[in-house]
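Please build the complex by placing chain A on the supplied structure of chain C, with the hints as guidance.
2 protein chains.
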Amino acid sequence: MGESGIGSVEDIARRAKGASRALATLSTDVKNRALAAMSEALPVHMDGILAANARDMKAARDKGVNDSLLDRLMIDKARVGSMSAALLEVAALPDPVGEVVKGWKTPNGLRIEQVRVPMGVVGVIYEARPNVTVDATALALKAGNAVILRGGSLAMASNLALTKVISEAAEAAGAPRASIQALPTADRESVNRMIKLDRYIDLLVPRGGLELIETVVANSTVPVLWAGAGNCHVYVHADADFDMAEEITINAKVQRPGVCNAAETLLVHRDLVESLLPRLVSSLQAHGVTVHGCPTTQTLPGVVPAVDADWSTEYLGPEIAVKVVDSLANAIEHINTYGTLHSETIITKAYDAAQVFTAQVDSAAVYVNASTRFTDGGQFGMGAEIGISTQKLHARGPMGLTALTSKKYVIFGSGQIR
Amino acid sequence: MGESGIGSVEDIARRAKGASRALATLSTDVKNRALAAMSEALPVHMDGILAANARDMKAARDKGVNDSLLDRLMIDKARVGSMSAALLEVAALPDPVGEVVKGWKTPNGLRIEQVRVPMGVVGVIYEARPNVTVDATALALKAGNAVILRGGSLAMASNLALTKVISEAAEAAGAPRASIQALPTADRESVNRMIKLDRYIDLLVPRGGLELIETVVANSTVPVLWAGAGNCHVYVHADADFDMAEEITINAKVQRPGVCNAAETLLVHRDLVESLLPRLVSSLQAHGVTVHGCPTTQTLPGVVPAVDADWSTEYLGPEIAVKVVDSLANAIEHINTYGTLHSETIITKAYDAAQVFTAQVDSAAVYVNASTRFTDGGQFGMGAEIGISTQKLHARGPMGLTALTSKKYVIFGSGQIR
Numbered sequence: 001m002g003e004s005g006i007g008s009v010e011d012i013a014r015r016a017k018g019a020s021r022a023l024a025t026l027s028t029d030v031k032n033r034a035l036a037a038m039s040e041a042l043p044v045h046m047d048g049i050l051a052a053n054a055r056d057m058k059a060a061r062d063k064g065v066n067d068s069l070l071d072r073l074m075i076d077k078a079r080v081g082s083m084s085a086a087l088l089e090v091a092a093l094p095d096p097v098g099e100v101v102k103g104w105k106t107p108n109g110l111r112i113e114q115v116r117v118p119m120g121v122v123g124v125i126y127e128a129r130p131n132v133t134v135d136a137t138a139l140a141l142k143a144g145n146a147v148i149l150r151g152g153s154l155a156m157a158s159n160l161a162l163t164k165v166i167s168e169a170a171e172a173a174g175a176p177r178a179s180i181q182a183l184p185t186a187d188r189e190s191v192n193r194m195i196k197l198d199r200y201i202d203l204l205v206p207r208g209g210l211e212l213i214e215t216v217v218a219n220s221t222v223p224v225l226w227a228g229a230g231n232c233h234v235y236v237h238a239d240a241d242f243d244m245a246e247e248i249t250i251n252a253k254v255q256r257p258g259v260c261n262a263a264e265t266l267l268v269h270r271d272l273v274e275s276l277l278p279r280l281v282s283s284l285q286a287h288g289v290t291v292h293g294c295p296t297t298q299t300l301p302g303v304v305p306a307v308d309a310d311w312s313t314e315y316l317g318p319e320i321a322v323k324v325v326d327s328l329a330n331a332i333e334h335i336n337t338y339g340t341l342h343s344e345t346i347i348t349k350a351y352d353a354a355q356v357f358t359a360q361v362d363s364a365a366v367y368v369n370a371s372t373r374f375t376d377g378g379q380f381g382m383g384a385e386i387g388i389s390t391q392k393l394h395a396r397g398p399m400g401l402t403a404l405t406s407k408k409y410v411i412f413g414s415g416q417i418r
Numbered sequence: 001m002g003e004s005g006i007g008s009v010e011d012i013a014r015r016a017k018g019a020s021r022a023l024a025t026l027s028t029d030v031k032n033r034a035l036a037a038m039s040e041a042l043p044v045h046m047d048g049i050l051a052a053n054a055r056d057m058k059a060a061r062d063k064g065v066n067d068s069l070l071d072r073l074m075i076d077k078a079r080v081g082s083m084s085a086a087l088l089e090v091a092a093l094p095d096p097v098g099e100v101v102k103g104w105k106t107p108n109g110l111r112i113e114q115v116r117v118p119m120g121v122v123g124v125i126y127e128a129r130p131n132v133t134v135d136a137t138a139l140a141l142k143a144g145n146a147v148i149l150r151g152g153s154l155a156m157a158s159n160l161a162l163t164k165v166i167s168e169a170a171e172a173a174g175a176p177r178a179s180i181q182a183l184p185t186a187d188r189e190s191v192n193r194m195i196k197l198d199r200y201i202d203l204l205v206p207r208g209g210l211e212l213i214e215t216v217v218a219n220s221t222v223p224v225l226w227a228g229a230g231n232c233h234v235y236v237h238a239d240a241d242f243d244m245a246e247e248i249t250i251n252a253k254v255q256r257p258g259v260c261n262a263a264e265t266l267l268v269h270r271d272l273v274e275s276l277l278p279r280l281v282s283s284l285q286a287h288g289v290t291v292h293g294c295p296t297t298q299t300l301p302g303v304v305p306a307v308d309a310d311w312s313t314e315y316l317g318p319e320i321a322v323k324v325v326d327s328l329a330n331a332i333e334h335i336n337t338y339g340t341l342h343s344e345t346i347i348t349k350a351y352d353a354a355q356v357f358t359a360q361v362d363s364a365a366v367y368v369n370a371s372t373r374f375t376d377g378g379q380f381g382m383g384a385e386i387g388i389s390t391q392k393l394h395a396r397g398p399m400g401l402t403a404l405t406s407k408k409y410v411i412f413g414s415g416q417i418r
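Here the protein sequences line up with chains C and A, keeping their order. Residue 1 is where the first sequence starts when you use the numbering used here, and the numbers rise one by one after that. Residue 1 is where the second sequence starts when you use the numbering used here, and the numbers rise one by one after that.
For the record, the hints were derived by calculation from the structure and aren't laboratory data. Cβ atoms here follow ideal geometry from the backbone N, Cα and C, with glycine treated the same way. Misleading hints may appear alongside valid ones.
DSS-like cross-link-like pairs, simulated, lysine-lysine; straight-line CA separation at most 25 Å [stated by the list, open to error]:
#1 Lys408(A) with Lys408(C)
#2 Lys408(C) with Lys196(A)
#3 Lys407(A) with Lys102(C)
#4 Lys196(A) with Lys196(C)
#5 Lys196(C) with Lys407(C)
#6 Lys102(A) with Lys102(C)
#7 Lys407(A) with Lys105(A)
#8 Lys407(C) with Lys102(A)
#9 Lys77(C) with Lys58(C)
Estimated spans, in silico, between C-beta atoms of each pair [unchecked claim]:
#10 Ala218(A) with Arg188(C): 17 to 23 Å
#11 Pro301(C) with Ala218(A): 53 to 59 Å
#12 Gln298(C) with Ala218(A): 46 to 52 Å
Chain C extracted, bound-state conformation (with noise of 0.2 Å):
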């Protein structure tokens, strides 16, 4: 990137910040109307939008690009259908902003309150889906921000399509200029300079694979929110109803096995190895589950080995690592040694194991006789989310709105001093 390439990153984020100013006391009427009206736009854009990806399908294809990856870059008429009425969705949540978290009076008079703010500029670093253009402003204006947009080189076309359509709709309808601005460039030096900006971006939100999101916070003086991995477990307590350890296993592994909230290991007590473990197992394998046992499970038909690192992997499809544990402890003490602490379940009868098991198992989401596939924004009731957080500053767990505010404290006297 030349030197007119670096000024322009840093020039955009300049102008973001001049645009959250701006955006932070905006009314959410005006960001409601600005939300809508570029839900409006994107199918008036629609053969602007879908010729642009063509451009960037036909590039990607010329490259060899495979077949899963194509498939996250295409847009059509429905994807643009669905980032359309994902704007309205957002829309219709309620406004974080200027929520009064708390408030008192102190003994002199003063009277404090805990405000909820704008974090201000939020920058997105994103790979090949070009949704995330479109979601991610969505999240970032709603919640008062001005974004700055960095998405992969393959998505180039129509991510720059698609924020024409969507920051100009959004002026119209009187969000500041520089709200949604996307960098023209694509290479690694434009993230290079985008993480060192913390003069002007106050945080960074990597949507992709473990390897973006490891360089951005390895290397970023901006604060970065990222979701984490899930390698989550299912543990079968000793007096399980067995019935329902079975739905939940099989929920958990495989009603959609590749997102983060998927079970990658089943831990089961031992005193239940002769009378429920075949049946899980055997389950498992009847619903197209390959399982990697430890020394007891495998001695049932059809299990693969398991070696230690399969206890630390998220498999992210039909695969599963099942172990025998001696006791409650034991499979607490696996889950906080493999686990990423994203989510976790005990199946039991027992108010005692699970008053242990939602103490001591120190991740972001602990169930009890329920499926670990919950830990969703929609599930919980948020609305949008912008992922699932394993960190245990700021945000954990599912990530809506409000972790894309900050607060602030506003302090009205009468002139004390101290």
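The following block gives chain A in isolation, referenced to the frame of chain C:
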């Protein structure tokens, strides 16, 4: 540091993680008993603590360390008494752990609770003040965390003596053995190792100068909570009450100029150039404050011309930058451009100006008609504080016990699957 030393930083962190599991579910009663036992143990071991400090002081004097640093390093009976009292104050604070922050039921009958939990392992990196050993440990422990202490090399003997006393007292009162540990070395390498141990350490709290904080922030893979610098502003609007403007300006600047919530810049509306500015400037000068003035302010007697760097300077002493601004908007623009976004105040009688200032100033604490000096955990009614954050993520403004906690979701089901 040799191989054994490198091993030991990781061993200490691993043991801390183990202790944190037990600490997370320790009752408030046991934690408070541990804090009380630590408080009692300090005066009992007074002689040993003072002897260790005397060794540190002698070594520091032999090195030619300056007087202000020697004062920070010094412990006497009164200072040990303060540490002992601080432990009881923290014991008296409400326990943040276990708070159900939110709770609701989903349509399918899941009961979801968002519960406040300890962060896990907190690493404290500090410089010459041995009292941090005790104060930081008290807060970390009350919030259910294991703590790893890495103090400065000058205070090594003092810190190890204090750590031995409080960790033994805590263990005798029922806290896990590795709840409180100090690194046995104070070299750079021990910090470099510590800030990369995100496997075991959940949060780092650097307590000390800007250089220490910047080094930790730039290189740590562990999340960092830090207290930011305070370039705080007093803005006197055109309609301000003159007496209040003078009282607050003087209080914010001179009551304790060495702290982060003291004022460093005074902005005065142009309408007040003849009526109030001379009074404010001469009052500041009468209080021994050197005034660095903008071109208009420079025309007053004894005012030093301000250079651009003055607007960004945290003097932390009897100096102030004074600038005449044309409007409220200019004042806000100046603050958002040059400030560290810590604490700012407007002096005004106008409803509108108060609304605009509090909405548009992007600071952790924004005041109307009160001194910036109130940004403080004690003044806010939080009790002891870890510092004042100017970050926008996780904790902003005075950081009390909750800043050392995380939240997790606990979900109670009855067999729900998706």
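Status of each hint after checking the structure:
1. Of the supplied pair hints, the one linking Lys408(A) and Lys408(C) holds, its CA atoms being roughly 23 Å apart against a limit of 25 Å.
2. For the given pair, Lys408(C) sits about 30 Å from Lys196(A) by alpha-carbon distance, which is inconsistent with the 25 Å threshold.
3. A C-alpha spacing of about 17 Å is found between Lys407(A) and Lys102(C), which places the hinted pair at or below 25 Å, so the restraint holds.
4. Simply put, Lys196(A) and Lys196(C) have alpha-carbon atoms about 20 Å apart, close enough for the 25 Å limit, and the pair holds.
5. Between Lys196(C) and Lys407(C) the CA atoms are separated by roughly 23 Å; this keeps the pair inside 25 Å, and the hint holds.
6. With a CA separation close to 14 Å, the supplied pair Lys102(A) and Lys102(C) stays within the 25 Å bound.
7. Straight-line distance between C-alpha atoms of Lys407(A) and Lys105(A) comes to about 18 Å, which keeps the hinted pair within the 25 Å bound.
8. About 17 Å separates the Cα atoms of Lys407(C) and Lys102(A), which keeps this hinted pair within 25 Å; it holds.
9. This hinted pair checks out: Lys77(C) and Lys58(C) have alpha carbons roughly 18 Å apart, not beyond 25 Å.
10. One distance hint, 17 to 23 Å for the beta-carbon pair Ala218(A) and Arg188(C), holds here, with the actual separation near 20 Å.
11. The supplied range of 53 to 59 Å is met by Pro301(C) and Ala218(A), whose beta-carbon atoms lie about 55 Å from each other.
12. Separated by about 48 Å at the C-beta atoms, Gln298(C) and Ala218(A) satisfy the suggested range of 46 to 52 Å.
Hint check: a violation occurs at hint 2 only; the rest are consistent with the structure.
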